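Each chain, letter by letter, is given below.
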Amino acid sequence: MTTLERLAEWKAVGTISQHQHDTLAALVRRERVSVYVELSALLYIGVLSFVGGLGWTMRAYVANLGDAAILSLLSLIVAAAFYYAFAKVGPYAKTEVESPTLALDYILYLGCLVLSAELGFIEYRFHIFGSWHHHLLLVSIVFGGLAYRFDNRFVLSLALSSLAGWLGIRVSGLDVVAADPLRATALAYSAFVAGLGTWLYRQGVKAHFHDVYLHLATLIVLAALASGIGEPALGLIYFAMLLSLCAAAIYLGIRSRKFAFVTYGILYAYGAVSYKVAAYLDEATGIFLYGVITGTCVLVALVALARRFGRDE
Amino acid sequence: MSAYELDDERAIRTGRLVEDWTRSGLLTPAQRDIITPQLVVDLRRTNNYLRITLFVFGGVILQSVLGLLAIFIGGWRDETTAALLCIAAGGVCFWLAGHLVSRYSLYRFGVEEVAALSAVGLTAVGAALLVGGDGHWLVTIGLVTAAGMFAALFFHFGFVYAGVLGLAAVAALPFQWGSSEAIDRLVAVIILAVVAVMARAGRAEHGDDYPGDALTIIEAAAWLGIYLLVNLVVTSAITPLDRSSNAFWITYAGIWILPAMGLWLSLRGGERPLLWVAIAMTLATLLSNKEYLGSPRDEWDPIVFGVFLMGVAIALRRWLAAGDGGMRHGYTASRLVASDKSKLGALAMVSAAQVDVPVAQSTPAADPGIGGGGRSGGAGAGGSF
Chain A
0 MTTLERLAEW KAVGTISQHQ HDTLAALVRR ERVSVYVELS ALLYIGVLSF
50 VGGLGWTMRA YVANLGDAAI LSLLSLIVAA AFYYAFAKVG PYAKTEVESP
100 TLALDYILYL GCLVLSAELG FIEYRFHIFG SWHHHLLLVS IVFGGLAYRF
150 DNRFVLSLAL SSLAGWLGIR VSGLDVVAAD PLRATALAYS AFVAGLGTWL
200 YRQGVKAHFH DVYLHLATLI VLAALASGIG EPALGLIYFA MLLSLCAAAI
250 YLGIRSRKFA FVTYGILYAY GAVSYKVAAY LDEATGIFLY GVITGTCVLV
300 ALVALARRFG RDE
Chain B
0 MSAYELDDER AIRTGRLVED WTRSGLLTPA QRDIITPQLV VDLRRTNNYL
50 RITLFVFGGV ILQSVLGLLA IFIGGWRDET TAALLCIAAG GVCFWLAGHL
100 VSRYSLYRFG VEEVAALSAV GLTAVGAALL VGGDGHWLVT IGLVTAAGMF
150 AALFFHFGFV YAGVLGLAAV AALPFQWGSS EAIDRLVAVI ILAVVAVMAR
200 AGRAEHGDDY PGDALTIIEA AAWLGIYLLV NLVVTSAITP LDRSSNAFWI
250 TYAGIWILPA MGLWLSLRGG ERPLLWVAIA MTLATLLSNK EYLGSPRDEW
300 DPIVFGVFLM GVAIALRRWL AAGDGGMRHG YTASRLVASD KSKLGALAMV
350 SAAQVDVPVA QSTPAADPGI GGGGRSGGAG AGGSF
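Chains A and B, in that order, are what the protein sequence lines are.
Okay, so the first sequence: first residue is 0 according to numbering that gives the first Met the number 0, each after it adds one.
Okay, so the second sequence: first residue is 0 according to numbering that gives the first Met the number 0, each after it adds one.
Possibly wrong hints are sitting among the right ones.
[To be verified] Covered stretches of chain B (in silico footprint by chain A; criterion: 3 or more residues with CB under 8 Å from a CB of chain A, positions within the stretch not fixed):
{"#": "1", "segment": "199-208"}
{"#": "2", "segment": "313-326"}
[To be verified] Reference listing, derived: stretches of chain A covered by chain B, where coverage requires no fewer than 3 residues with Cβ under 8 Å from a Cβ of chain B:
{"#": "3", "segment": "38-45"}
{"#": "4", "segment": "53-65"}
{"#": "5", "segment": "189-198"}
{"#": "6", "segment": "207-220"}
{"#": "7", "segment": "298-307"}
Hints are computed from structural coordinates only; laboratory data are not their basis.
Please read all numbers here as calculations on a predicted model, not as lab measurements.
Cβ coordinates follow ideal geometry from the N, Cα and C atoms, glycine included.
Can you build the whole structure from these sequences, using the hints too?
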């Protein structure tokens, strides 16, 4: 039975109204098609391309253009973007708010990226904050405020990655924290981000942002600990901490039906245990036997989990 | 012969739509609760996260078992024995995938998928080893077998990605025959064009209902493949650009004609996968145009490109919004269903790891125009400038 046939049947027995039937049938027959995602994607790519090109051009022509011209241009772009954003935005609400225009989210994102570049340029040229990237803390706070005011997840991601940058943690790419002090910083950062996100969630302030905080915090803390399990001095401590956090991620992920965290926990824990065990397995037979036995154990547990929770999430 | 009932496949897809419509406010939760029991199928499914994890660990077990078997059997010095064992193992994997579906009613559960994909790899390697020959002949046999197996997975299990991988295998075949590069590309384009036409014809009777939706993706993938073969800049890794050949300028026309055709076809029929491919083709054409013409790249090209994209998006939105009811020819810039928003939410989630805008470093380089690596990638504000 096709979807259209089912819609007709639901209308015939009175499950849905005539109006609902007409609306849904138009969607199924593609008589009404939304290009919201496509236009958003064009705006997103456009913003990234624009800002990337701006950085490239500045790098190539910084000597010719001079500081004043560059800063004036960047300031103009930032001012225009923020003017547009503040002119268009509706009143603040603690709950999720629909953007009044399609472009608003991306114009704001553009303004934030250019502001970030501008502050970076000022710091590069004039060393206002000395030897450390304190401008990243500044943009993190500003972006955090803007993310909540405009209900913008892109800007929230910028705020959190800027905060990580201020602490010396690289979020972009897949770089792994590779020194003990940085691992401790990564742990503190993750705890702070997860704690802040959860506190705001419990306060009911933009509760839909909660996942952004949790994903970022979890991925950073697990990557930081995993990168340390091979360390001669603190390796075992990192290993124990990683397994504990993986167990917590799996448990809390199941409890809250957020299975991405279950996947993180299982994969990191299995990877860490396998790394340790591999040191004692010097023959292919042992490695394959290990794969069969442990893989089967995990698979059985996963099947039980999948059967119990079906298609949740 | 499909491993699943047609009605089950369609009920699963309708179920997804019902969930989306409910989240979008087009159906009430009470209506959803009445409708959902009518869409229950006797298949075991799971969410995508557990599916991926099951896929990974299913793969770990299968590869380990195969490794153990290879060790225990040992002594297989000749290629024929190895080939026969690979083919046998491939057969067992295919049987296992089918058994998991028929016995345990698994549907997109990860485990049966990894077994089926292992069957493709093993059979293709086995067939290639069995026939032997020189490098090209070996690869040809492997690709033909893989294409056949992928097609079997697509038609039997309905794995759309297997269909797409099968297309890639078929398109790679002409490049093994050692003829001229232009002919290789042309033959591959013809093969993909035939697949695209067949997919379009095949889905005419189904519309968007299964298997029409799967065939739409196959058609879109074929279009993408054709474009990649035609655009010599994008696929310059296969063969270096030769601007002196006549074919070069034919392909230049092709990279403009294909996106236009794709846009026209997709917009005429409201076909989203093809629309995405058409947009991707258009962007690729714009990005490769300068290199095609041999013009030097300028630092501000990305700025122009970005402004162009933003301008097009905003102009289109305004044009659509100005139509009757915010719609023109059935198209609207407004969000109609909740799933559209969740797609952008996922994009925002990964944007934290994507953004690495080149800006200032903490210590100026000797030449103020040259930068180096920064400390962090936070918001891009600490990268190199």
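Compare the structure with the hints numbered earlier in the document and write down the numbers of the violated ones, lowest to highest. Hint 5 alone not satisfied by this model.
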